[in-house]
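Chains as they are written, first to last, in our numbering: chain Y, 1 to 91; chain F, 1 to 207.
Since the hints were derived computationally from the structure, they do not count as laboratory data.
Quantities reported herein were computed from a predicted structural model and do not represent experimental measurements.
List of simulated lysine-lysine pairs, PhoX-like, C-alpha gap at most 20 Å: (1) F:Lys151 to F:Lys88; (2) F:Lys151 to F:Lys45; (3) F:Lys79 to F:Lys45; (4) Y:Lys88 to F:Lys59; (5) F:Lys143 to F:Lys206; (6) Y:Lys84 to F:Lys71; (7) F:Lys59 to F:Lys81; (8) F:Lys81 to F:Lys71; (9) Y:Lys84 to F:Lys59; (10) F:Lys154 to F:Lys79; (11) Y:Lys84 to F:Lys45; (12) F:Lys154 to F:Lys143; (13) F:Lys81 to Y:Lys84; (14) F:Lys88 to F:Lys45; (15) F:Lys81 to F:Lys45.
Derived contacts from chain Y toward chain F, CB cut-off under 10 Å, selection only: (16) Gln53; (17) Asp66; (18) Leu75; (19) Pro76.
Going by beta-carbon spacing under 7 Å, a handful of chain Y positions derived as facing chain F: (20) Arg50; (21) Arg80; (22) Ala86.
Ideal placement from N, C-alpha and C gives every residue a C-beta, glycine not left out.
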Amino acid sequence: MTWFAKTLRALAPNCREAIRLQSEALDRPLTWRQRFGLWLHLGLCLWCRRYGQQIKFLRAAAQRCDQDEAVDQTLPAAARERIKHALKDGK
Amino acid sequence: MENENPAERSGTQPAPALSDPEQWVDLHGDYLYRYALMRLRDPAKAEDAVQETFLAALKGGRSFRGRSAEKSWLVGILKNKIFDYYRKISRETTFTDLDFYQDEESDRFVADGLGQGGWIHECGPAEWPANPGASLDNEIFWKTFHECAGKLPKNVRAVFCLREMDGVDSREICARLGLTDSNLWVMLHRARMALRRCLETNWFGKM
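Produce the complete structure using the sequences and hints provided.
Written out as structure tokens, the structure is:
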């Protein structure tokens with residue numbers, strides 16, 4: 001193993017760790033060391049860069065899924081009546 | 001702010017309650033039901049949550065000027081009901097959930113040797129279309145998205161909804177569901193991993 005590979009392994013996370021760190025970065029600030037290691041890794045690894053973009057897309061999609069008016073579900077009639085009764089009794 | 005309306009300042013009549021509780025169901029029922037259904041993914045539970053919300057609102061007995069104020073007040077109550085439900089399920093870790101945690105996509109990473117912990121070549125994340133956002137206008141994408149999310153263990157889906165759909169702060173989620181930070185991070189990481197993989201297989205891979 002070359003000195004380059006050795007140094008890299010000491011400083012940068014492997015893919016498995018890199019995807020975990022990218023996920024955590026969406027929920028908390030990483031330490032400087034973690035950020036540096038991740039930056040180093042992502043500079044060399046197309047897969048993990050993709051992974052990071054894709055989980056960011058998941059977040060964007062999740063935020064939109066509430067506004068999805070295509071989900072045209074209404075409170076079923078039976079439940080509607082039941083709740084109205086419950087409200088009358090509860091008064 | 002509300003009292004600055006001159007008509008109301010001069011008027012002697014009490015603030016008009018905008019709607020009678022019995023009308024709530026017709027005015028806000030559908031919206032609340034959709035809101036609950038999106039987060040609970042269970043029609044019966046969503047109906048219950050809506051009913052509990054209205055009953056709690058009745059007890060709270062406040063009146064609002066303006067429908068939107070009334071609606072956001074009701075949504076606030078519903079959010080708490082949903083949190084209660086999430087707290088309940090976050091205590092139940094079932095056997096399949098343990099499998100879910102152990103999996104960790106181990107089959108996709110090199111197990112030992114020089115490249116340990118690296119993606120196995122054929123298993124690395126595939127390239128998605130240049131503009132994946134276009135999928136967000138597609139009904140079938142949403143169907144796939146919800147089906148994939150539906151495969152997550154309930155407690156994992158709950159934290160995913162709170163964090164990613166509603167943007168609730170990590171600390172608040174931990175405090176209200178009784179989780180540790182690292183607990184939450186692991187759950188979110190697994191959720192993203194599984195959802196990403198599921199969408200890749202069932203949506204982006206088929207485009």
